[in-house]
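Top to bottom, those sequences are chains B and A. Here my numbering is used: position 126 in the first sequence is 111, and no number is missing along the way. Here my numbering is used: position 12 in the second sequence is -3, and no number is missing along the way.
Don't take every hint at face value.
Identical copies carry no separate label here, and so any pair may be met within one copy or between two of them.
[Stated by the list, open to error] Okay, derived cross-link-like pairs now, DSS-like style, lysine-lysine, Cα gap no bigger than 30 Å in a straight line:
1. K183 with K193
2. K248 with K132
3. K84 with K106
4. K193 with K84
5. K8 with K183
In short, the hints are calculated from the structure, not lab data.
There are 2 protein chains.
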Amino acid sequence: MIPKSGHWSETYAVRPGTRFSLKRCNPRAPGGFASREQARSQAAADAEAIDRLQDRLYAEGRHALLVVLQGIDCSGKDGTVRAVFNSCGPIGVRIAAFKAPTPDELAHDFLWRVHRACPPKGFIGIFNRSHYEDVLVAKVRQLASPKTIEQRYDQINAFEALLSASGTRILKFMLNISKQEQAERLRERIATPEKRWKFNPADLEDRKLWNDYMRAYEIAIRRCSTQHAPWHVIPADHNWVRNAIIARIVRETLEEMDPQYPKPKDWNPAKIRVV
Amino acid sequence: MIPKSGHWSETYAVRPGTRFSLKRCNPRAPGGFASREQARSQAAADAEAIDRLQDRLYAEGRHALLVVLQGIDCSGKDGTVRAVFNSCGPIGVRIAAFKAPTPDELAHDFLWRVHRACPPKGFIGIFNRSHYEDVLVAKVRQLASPKTIEQRYDQINAFEALLSASGTRILKFMLNISKQEQAERLRERIATPEKRWKFNPADLEDRKLWNDYMRAYEIAIRRCSTQHAPWHVIPADHNWVRNAIIARIVRETLEEMDPQYPKPKDWNPAKIRVV
């Protein structure tokens, strides 16, 4: 058990109703770790703890945890999943990756496909990108009218309030990398044959709109960091810092949820005989 | 790369059209391992290899792998997933656990819910139980008429042939434990507070029908082990033997599929500049 529950979450959570500024968040912050080894070993221990807590979450079957990962290209969403959730493995963790919506999805409201992908009780759900794309790329690329975008912040808050009231704990993480770090990662991606398939020349168009994206993130975080579904802005230039902070916040949250193994209701372990 | 490709699969696969007998399969077979440590370290290395191969499978995006896990209660389906597929993590692996069908599922043919759960190209899909329950529990508990059950073997073969022809490689594993081993695992489950929630007194009713289940497995394996979707009967009393054999067969199969990283089609890595 971590002694000071909630400490790490408080450090990185954006307090609701404050005038949050992304410029004050340093993407290269060392996160208080003495070395990358220390960060890695803490993250590994926390990932094991998350695995044990997930078993309890599943056994109890009363709550779900939804982890939203948002970040620009190369911000490390997949790497976060591997470092924090591979110990749990695929049994207890459900991932939904949101790409450009299909015609069928576009024929519904923007939260329809998201709602379908929410984790059932007992599970950890991870959104690799999410409904926030509908106020990020949709805003920057003008895929919806300003009035529609404006409505969406409240619609998102109402939707997340429904999930929260219905037993789903929500943690939202913005993986905050610097423009320089993205350039390095894109160059590495292009230079490495095994990574090249992840690159799309269109990604460079988004990079040109960097400031617009950051502005859109800032507004989304400001409008939609709530008590029941807080946004956390994570320094992500160093992947070991990013992983260790997220693993710790997820662990803290699960410990606070404190799921319990259920006791047998209609049978007595002392009286069962296996023959 | 494993030198003798296909060797392990051939050892445990049930040859199509043969009069397969479950009695000739020893659940406690040591699988040729010198020690449990050797089996565990081979399984761990193979799990890492599966992770790397899955990355290629995803990047190539042309094929899927479907792994069907069947076995009686306590046969170790979840443990197999953890040992063989946790290295891949939840990103590339999709699990479907089939329980008693819902009213909506029952309002469709028995393969409807199964088809929906099949892995898309680029993914490894795992069925924790499967459409085979419809010729196992359905047969033993007489949930369908003998005529209906009889039709299902051919329907399953046609369905799996469709998947196979459409780019999905299929591997089916029967986790073969002895009745004595199940008794020990059930007793441990009942005795351990953290495992007790997995136990249902109704499981003992199934245990009484052990011979009927084994007979149903034998028939299903005989009727549905095909060239394109072979059944493998895995000695599963020792979990290290079970994990090592399955990991090796999955690895061999992925190596035989030999997925390749795609080359960039419409852009030249040498000409891209990230600014």
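So, going through the hints one by one against the coordinates:
With identical chains, the CA atoms of K183 and K193 are at most 30 Å apart within one copy only, with a shortest distance of 19 Å there and 53 Å across copies. Taking the closest pair of Cα atoms, K248 and K132 never come within 30 Å of each other, the shortest separation being 51 Å inside a single copy and 42 Å across copies. In this homomeric assembly, K84 and K106 come within 30 Å of each other (Cα to Cα) both inside a single copy, at 25 Å, and across copies, at 16 Å. Proximity of K193 to K84 under the C-alpha cut-off of 30 Å is restricted to the intra-copy arrangement: shortest distance 20 Å within a copy versus 49 Å between copies.
For the homomeric pair K8 and K183, the shortest alpha-carbon distance inside one copy (29 Å) is at most 30 Å, but the shortest distance between copies (49 Å) is not.
Figure legend: structure checked against the earlier numbered hints; the only hint not met is number 2.
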